[in-house]
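Make a model of the complete structure from these sequences and hints.
Protein chains in written order, with the numbering used here: chain A, 49 to 525; chain B, 19 to 231; chain C, 83 to 340.
Please note: incorrect hints may appear among the correct ones.
Keeping only pairs whose Cα atoms sit at most 16 Å apart, straight-line, the calculated EDC-like set for lysine to aspartate or glutamate is [unchecked claim]: (1) K213(C) - D152(C); (2) K263(C) - E411(A); (3) K213(C) - D167(C); (4) K182(C) - D167(C); (5) K22(B) - D140(A); (6) K263(C) - E456(A); (7) K87(A) - D168(B); (8) K182(C) - D150(C); (9) K153(A) - E180(A); (10) K69(A) - D266(C); (11) K213(C) - E246(C); (12) K457(A) - E446(A); (13) K263(C) - E62(A); (14) K71(B) - E209(B); (15) K153(A) - E456(A); (16) K263(C) - D500(A); (17) K457(A) - E438(A); (18) K22(B) - E125(A); (19) K22(B) - E143(A); (20) K22(B) - E122(A); (21) K182(C) - D230(C); (22) K22(B) - D500(A); (23) K79(A) - D153(B); (24) K71(B) - E214(B); (25) K182(C) - E234(C); (26) K213(C) - E285(C); (27) K69(A) - D500(A); (28) K87(A) - D69(B).
Keep in mind the hints are simulated off the structure, nothing from the lab.
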Amino acid sequence: MSDATFLGMPPFPEAARTAVKDSRLRYNLRKATHTIRDKRAHVVDEMGDDWARLRTEGAAVKTHTLRHLDRYLEQLEASVSRAGGHVHWASDAAEANRIVTALVKATGETDVVKVKSMATQEIELNNALAAEGITAYETDLAELIVQLGNDLPSHILVPAIHLGRAQIREIFLEQMAEWGTPAPPGLTDDPRALAEAARAHLRERFLRTRTAISGANFAVADSGTLVVLESEGNGRMCLTLPQTLISVVGIEKIVPTWDDLEVFMQLLPRSSTGERMNPYTSTWTGVTPGDGPQEFHLVLLDNGRTDVLADTVGRQALRCIRCSACLNTCPVYERTGGHSYGSVYPGPIGAILTPQLRGMGSEVEESLPYASSLCGACYEVCPVAIDIPEVLVHLREEVAEGHGHLGEKTLMAGAEAVFSSSTALGAVQRAAGLGRTLVPRHLPGLAGAWTDTRDVPDVPAESFRRWWNEREREEGR
Amino acid sequence: MSAKEAILARVRAALADVPADEPLERAPDRAHLDSHGVGPTLDVLEDRLIDYKALVHRTPADRVGEEIAAALARRGARRVVVPPALPGEWLAGTGIETLTDSREEPLTVRELDASDGVITGCAVAIAETGTIVLDGGPDQGRRAITLVPDYHLCVVRADQVVDGVPQGVRLLDPARPLTWISGPSATSDIELNRVEGVHGPRTLEVLLVEAAT
Amino acid sequence: MRVALFITCVNDTLFPDTGRAVVRLLERLGHEVVFPEGQTCCGQMHYNTGYRRPASRLAVRFVRTFEDADAVVVPSGSCAAMIRDNYPRLGGSGSRLSRKVAALTPRVYDLTEFLVDVLGVTDVGAYYPHKVVYHPTCHGLRMLGLGDRPYELLRAVRGLDLVELPGAAECCGFGGTFAVKNGDVSSAMGADKARHALETGAEVLCAVDNSCLMHIGGVLSRQRAGMRIAHIAEILASTEKDFRSDTRDRTDKEEATR
Numbered sequence: 049m050s051d052a053t054f055l056g057m058p059p060f061p062e063a064a065r066t067a068v069k070d071s072r073l074r075y076n077l078r079k080a081t082h083t084i085r086d087k088r089a090h091v092v093d094e095m096g097d098d099w100a101r102l103r104t105e106g107a108a109v110k111t112h113t114l115r116h117l118d119r120y121l122e123q124l125e126a127s128v129s130r131a132g133g134h135v136h137w138a139s140d141a142a143e144a145n146r147i148v149t150a151l152v153k154a155t156g157e158t159d160v161v162k163v164k165s166m167a168t169q170e171i172e173l174n175n176a177l178a179a180e181g182i183t184a185y186e187t188d189l190a191e192l193i194v195q196l197g198n199d200l201p202s203h204i205l206v207p208a209i210h211l212g213r214a215q216i217r218e219i220f221l222e223q224m225a226e227w228g229t230p231a232p233p234g235l236t237d238d239p240r241a242l243a244e245a246a247r248a249h250l251r252e253r254f255l256r257t258r259t260a261i262s263g264a265n266f267a268v269a270d271s272g273t274l275v276v277l278e279s280e281g282n283g284r285m286c287l288t289l290p291q292t293l294i295s296v297v298g299i300e301k302i303v304p305t306w307d308d309l310e311v312f313m314q315l316l317p318r319s320s321t322g323e324r325m326n327p328y329t330s331t332w333t334g335v336t337p338g339d340g341p342q343e344f345h346l347v348l349l350d351n352g353r354t355d356v357l358a359d360t361v362g363r364q365a366l367r368c369i370r371c372s373a374c375l376n377t378c379p380v381y382e383r384t385g386g387h388s389y390g391s392v393y394p395g396p397i398g399a400i401l402t403p404q405l406r407g408m409g410s411e412v413e414e415s416l417p418y419a420s421s422l423c424g425a426c427y428e429v430c431p432v433a434i435d436i437p438e439v440l441v442h443l444r445e446e447v448a449e450g451h452g453h454l455g456e457k458t459l460m461a462g463a464e465a466v467f468s469s470s471t472a473l474g475a476v477q478r479a480a481g482l483g484r485t486l487v488p489r490h491l492p493g494l495a496g497a498w499t500d501t502r503d504v505p506d507v508p509a510e511s512f513r514r515w516w517n518e519r520e521r522e523e524g525r
Numbered sequence: 019m020s021a022k023e024a025i026l027a028r029v030r031a032a033l034a035d036v037p038a039d040e041p042l043e044r045a046p047d048r049a050h051l052d053s054h055g056v057g058p059t060l061d062v063l064e065d066r067l068i069d070y071k072a073l074v075h076r077t078p079a080d081r082v083g084e085e086i087a088a089a090l091a092r093r094g095a096r097r098v099v100v101p102p103a104l105p106g107e108w109l110a111g112t113g114i115e116t117l118t119d120s121r122e123e124p125l126t127v128r129e130l131d132a133s134d135g136v137i138t139g140c141a142v143a144i145a146e147t148g149t150i151v152l153d154g155g156p157d158q159g160r161r162a163i164t165l166v167p168d169y170h171l172c173v174v175r176a177d178q179v180v181d182g183v184p185q186g187v188r189l190l191d192p193a194r195p196l197t198w199i200s201g202p203s204a205t206s207d208i209e210l211n212r213v214e215g216v217h218g219p220r221t222l223e224v225l226l227v228e229a230a231t
Numbered sequence: 083m084r085v086a087l088f089i090t091c092v093n094d095t096l097f098p099d100t101g102r103a104v105v106r107l108l109e110r111l112g113h114e115v116v117f118p119e120g121q122t123c124c125g126q127m128h129y130n131t132g133y134r135r136p137a138s139r140l141a142v143r144f145v146r147t148f149e150d151a152d153a154v155v156v157p158s159g160s161c162a163a164m165i166r167d168n169y170p171r172l173g174g175s176g177s178r179l180s181r182k183v184a185a186l187t188p189r190v191y192d193l194t195e196f197l198v199d200v201l202g203v204t205d206v207g208a209y210y211p212h213k214v215v216y217h218p219t220c221h222g223l224r225m226l227g228l229g230d231r232p233y234e235l236l237r238a239v240r241g242l243d244l245v246e247l248p249g250a251a252e253c254c255g256f257g258g259t260f261a262v263k264n265g266d267v268s269s270a271m272g273a274d275k276a277r278h279a280l281e282t283g284a285e286v287l288c289a290v291d292n293s294c295l296m297h298i299g300g301v302l303s304r305q306r307a308g309m310r311i312a313h314i315a316e317i318l319a320s321t322e323k324d325f326r327s328d329t330r331d332r333t334d335k336e337e338a339t340r
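Shown next as structure tokens:
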């Protein structure tokens, strides 16, 4: 029923060109990102100086964990197994999908309910399950909207952020019946009515389905505890009512000890939804007899993460706790939306994570490090202090050192030649000054990207350097 | 080579720059505050819960039963689910029909769904964030009982309330299944507007039991 | 004090008025300005576009040119930030370049930092009878952390009516080669910034960086919006004399540009 994929999307500038012209998308994104930006600012400000301390600690805990990841992974496996869970290891998406499919098949079920999970989006698990005759039902409201609309997620926290209420109403009216309980005929576009329709649509599904798939926000190595933060209660439904729970978790989600949650349970909700605390957080350790799923599987996913880990500059991207504050604050994301990034990880974090996870394999990945004006707003709001601009520049080096862009290489070499001596620079300035009246209003080629919308400043007759030297001469210095 | 061995080998290779003798034990980096001193604990908790659109009442310890009866009457709830060991005095004289759930004798989800609500205690509450934590203790029960019914009445004693998240985390036992509840279920997925009431209980009512003076 | 001016390649070539204003301002405040002739470019364009080696070579040139200076003043927030924040990343740890950069960068200042922190002045004796809006550029705001300094300086200018810019902290969309590599997004951001500036009803948009001003000014000029751009140095260098002697001439010029 759903086969949407990011495969074959155009590189960022091309996708963005279409997106910036979509006025409805621009309106939806502007409204949503500004709302959440303001909420976040309010709840972060009220933390005073402690925010900076928590941010430093959050970064330090994650950095430490990554530097000893092998040890913590083994510790996590031991703790989860001790508590009655089963641990599986998956090197890549295909292996993870095979493991999950086999586990579902072993339960004999053909329907599974899912809690919103970036890892399963990344490996396109739903498509893999569908190919084996298993239907995965997304239960997070935004994921449900995306699934019903046969659309793609465009945001880490709110995958349907690109859609407005009227569009959501249309999708519900047209598609809900095909997937289960239909939308009420008189459905309005009031968010309350839409939320109520989602409740009614999924209620029976929750009460009936015996297998669930989730991700996790944190996996605690010493206790073997998994943590899921959510708002709607769909997470609790999936984590509590079914008989079997399968959690697909990236290997970077580990924190060493339970006490580390003192830090992250303060950083994440405020950065993410802009709330002091999200409505529901569930934590579970293996299996609790008589309470919740009696069979628990943890699938630890690499899928490129060890490649990211190998890059000493890029490694910091693995600290990410998927709050999406960087998306909400990014002026580029606000104007292009998430689909332009060609990945489930859009926005600034996506621009550094996607090319590292996938490798610089195609034009899409090579375009992503440039999808930023390097304004630094993302770094400022990041709760684990990932220096996204630093990594962007680092990845640009990788592109430039590879086959890069020939025209650009020539330009950069030319510019360096001019800047390699003040005499050369002076000569170019004199030539530009003489030819200044010849500059047309619209330029061809790359420069046209400037002059399409912006005038070029007048080139002055005399550079500063020349003025200075004249002055020195006149003053007889 | 198994996937586990392969992944661990890749991790170790990726970390070639990390000195072999770098200590695993982290220096205690607890610079963050335990409490942000935002005000009298019970008042702050009440304020935050109201902010989340929960219904809140404060009561002296000797009036808990009456307040529960009043809340259930307002709600029109007649058959409510209770965990295995709710304090007897909470329900004495309410005359209401209780459905007791336990790990050994669980109610079905259909029975939970058909009930008028659930009454529980809690393990810990965190004032600053308006959070109530359930840990499956005898006065809280299985996770499903506070999830499926549409109405949750939760009794929080003053001595269970801490100021901030760090204090709360330290009091909790990760081996137990925990549910942190901060208001009724909600979503902000439509244009980032918060709407209360999705899949979890749409009404959360909290009785704050004041300490005897 | 003897101040070494690092004019930056963009100002040198396209905005010499800004350089002249810095010289005039610092000399008026009683300081000696020198212009080390060997200077060219800080390497920011190369660095930010992924050309690390050319950037390193330009960093070496910069350090060689300025290492003996008591203070280096840069009338560009982003170039000052390039030197202070990114030069330390260019040399390997313990390298000769790193040591020299570490020794030099504490003496490198954006113009507004130099005025407020080193010279300790906010009232520089300027006069500028215009309604002005200030755009805090990203590198000035987030990398250098200029904070209130530019506002304090502008508030002390006689005759100047400073108005607040909505969405001030948001990037204008210039971003160096971003402006052409992602021209559509850059233009959309520039258009929003220009709209916010125009909403204030100010006559002049000012900033600590001519690159951003060139971008926003390019949009304003294409729209024939009638709002002028000015580097903060040009405002701080202005005095009553400028407006007495050529009032008629200036008014005529302003009329002509509208």
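Given pair status - D153(B), K79(A), alpha carbons within 16 Å: The given pair, whose Cα atoms are some 39 Å apart, is violated under the 16 Å limit.
Pair hint K182(C) and E234(C), alpha-carbon separation not exceeding 16 Å: The hint is violated at about 33 Å.
16 Å Cα cutoff - pair K263(C), E411(A): holds (13 Å)
Check the hint pairing K87(A) with D168(B) against an upper bound of 16 Å on the C-alpha distance. violated (28 Å)
Restraint status (C-alpha distance of K71(B) to E209(B) at most 16 Å): Since the Cα atoms of K71(B) and E209(B) sit roughly 19 Å apart, the hinted pair is violated (cutoff 16 Å).
Hinted pair, alpha-carbon criterion (16 Å max): K69(A), D266(C). Please report holds or violated. Roughly 9 Å between the alpha carbons, so the hint for K69(A) and D266(C) holds.
Satisfaction of hint between E180(A) and K153(A), Cα-Cα up to 16 Å: Given that 16 Å is the threshold and the Cα spacing comes to 9 Å, the pair holds.
Tell me if the straight-line CA distance from K182(C) to D150(C) falls inside 16 Å. holds (11 Å)
Proposed proximity, D500(A) with K263(C) (alpha carbon, max 16 Å): holds (13 Å)
For the pair we were handed, K182(C) and D167(C), check the Cα-Cα distance against 16 Å. holds (14 Å)
Distance restraint between K87(A) and D69(B), which requires alpha-carbon spacing of 16 Å or less: holds (14 Å)
Has the given pair, K457(A) with E446(A), been kept, meaning a C-alpha gap of at most 16 Å? Given that 16 Å is the threshold and the Cα spacing comes to 13 Å, the pair holds.
Comparing the model with each earlier hint shows violations of hints 1, 3, 7, 14, 15, 17, 21, 22, 23 and 25; every other hint is respected.
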